[in-house]
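A.B. asks: Just so you know, the protein sequences line up as chains A and B, in that order.
Per my numbering, the very first residue in the first sequence carries number 1; after that it's consecutive.
Per my numbering, the very first residue in the second sequence carries number 1; after that it's consecutive.
Warning: the hint list may mix true and false statements.
[As the list claims (entries may be wrong)] Facing chain A, according to a computed beta carbon distance under 7 Å, are these residues of chain B, among others:
id	residue
1	Asn31
2	Gly42
3	Lys69
4	Gly92
5	Phe101
6	Gly104
[To be verified] No more than 30 Å apart at the CA atoms, straight line, and that leaves these computed lysine-lysine pairs for BS3-like:
id	chain 1	residue 1	chain 2	residue 2
7	A	Lys55	B	Lys26
8	B	Lys98	A	Lys66
9	B	Lys56	B	Lys70
10	A	Lys66	A	Lys14
11	A	Lys55	A	Lys14
12	A	Lys20	B	Lys26
13	A	Lys20	A	Lys64
14	B	Lys98	A	Lys55
15	A	Lys41	B	Lys26
16	A	Lys41	B	Lys70
What the hints contain is simulated information worked out from the structure, not anything from laboratory work.
Backbone N, C-alpha and C fix where the C-beta goes; we use that ideal spot for every residue, glycine too.
Okay, here's what each chain looks like letter by letter:
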Amino acid sequence: GAVVSQHPSRVICKSGTSVKIECRSLDFQATTMFWYRQFPKQSLMLMATSNEGSKATYEQGVEKDKFLINHASLTLSTLTVTSAHPEDSSFYICSARQQGYTEAFFGQGTRLTVV
Amino acid sequence: SQQGEEDPQALSIQEGENATMNCSYKTSINNLQWYRQNSGRGLVHLILIRSNEREKHSGRLRVTLDTSKKSSSLLITASRAADTASYFCATGGSSASKIIFGSGTRLSIRP
Chain A
1 GAVVSQHPSR VICKSGTSVK IECRSLDFQA TTMFWYRQFP KQSLMLMATS NEGSKATYEQ
61 GVEKDKFLIN HASLTLSTLT VTSAHPEDSS FYICSARQQG YTEAFFGQGT RLTVV
Chain B
1 SQQGEEDPQA LSIQEGENAT MNCSYKTSIN NLQWYRQNSG RGLVHLILIR SNEREKHSGR
61 LRVTLDTSKK SSSLLITASR AADTASYFCA TGGSSASKII FGSGTRLSIR P
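The following block holds chain B by itself, in its conformation from the complex (with noise of 0.2 Å):
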């Protein structure tokens, strides 16, 4: 089962623009987290937000977290060629919870 959607689905962009990536999940959660994910390759996780945060930041990557309307943002500033990947969101409750993912967002950054 998976845990929420994100949007886009499918996002290209020129070199340097900036990408944003919108999750949204169903449950009450402890965490989100988003990982990034090179065709056919492992995970790389990016950066986590517990539910007590509204922002985070790290490196070009800027993440918030809205618990009231259930909904995460991931904004990569300044895209480069190698952050073309598919990236996910996943939500995690309590210490005992399973993580779940979200459906991911395909971000390909034009030359």
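Okay, chain A solo, but in the shape it has when bound (with noise of 0.2 Å):
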């Protein structure tokens, strides 16, 4: 079946920094990207959707300057999570999805901890 890399699979970072977290498609076109957030014992949330080459569409109440969004080619994704504080403390996972298609195919997850 059709493989999305997520890397880093974990991170720790200083407050105020910023992260970048990469979404590869291995072996097809990924169109459409996904990014979610899921914080401990809830399910995933929507964070924004990105098309290959056009900006990135952000879900009700999620800060486009603070998760940075890029989609320039069609088997990466990276999200910026930018000024991180403890409370972008999170599992973030994406999700990649070839024109035409209405399967997504999930990668593994970052989990994301801001001291």
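Put the two chains together into one complex, using the hints given.
C.D. replies: Shown next, in the form of structure tokens:
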């Protein structure tokens, strides 16, 4: 099946610094990528949807200047958490979908801890 | 935002018993998918059922879909300890739409 690789799997950063998370589709062209955030024992909350070559569409309540999403190629999307604070500590998961298909494939997630 | 709710929120059963989880959603869908998530890990895709299907099987999994009631159920038969995980339903519309998750069910299998 299709593979989506997310990196890093874990990251610890100091408060005030920025962290970049990468999401790559390894064997298909991902025209659409989704970024989710998951707090402990809760469900996945959609943060934003990005289409290759265009600006991401953010969900209500998600700060676009804080969570920068870049989808510059058909195989790579990045999420940058800028000026991270402890409340940004969470599990971030990406998923990727090929044009014309309804199924999406998920990365293994990134656990971000801001200290 | 979340598409819908799952119930129960938590379920604890004896190994060997069957586990049933339900998912309700709000809008029209093209398909519905079920995922498993082990604690602190990524998602594992279990099964996808399309809006024109009523039931689908995969190994010990059986999924039903009732579009008139906007609900789906996941049945795991002959449960095993390894089935302990959180289970989520996710709804998708067209190939251009978002994929939204339900609230999830935490399943615990007692040995």
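A.B. asks: Against which earlier hints does the structure fall short, listed by number upward?
C.D. replies: As far as the earlier hints go, 3 and 12 are violated by this structure, in ascending order.
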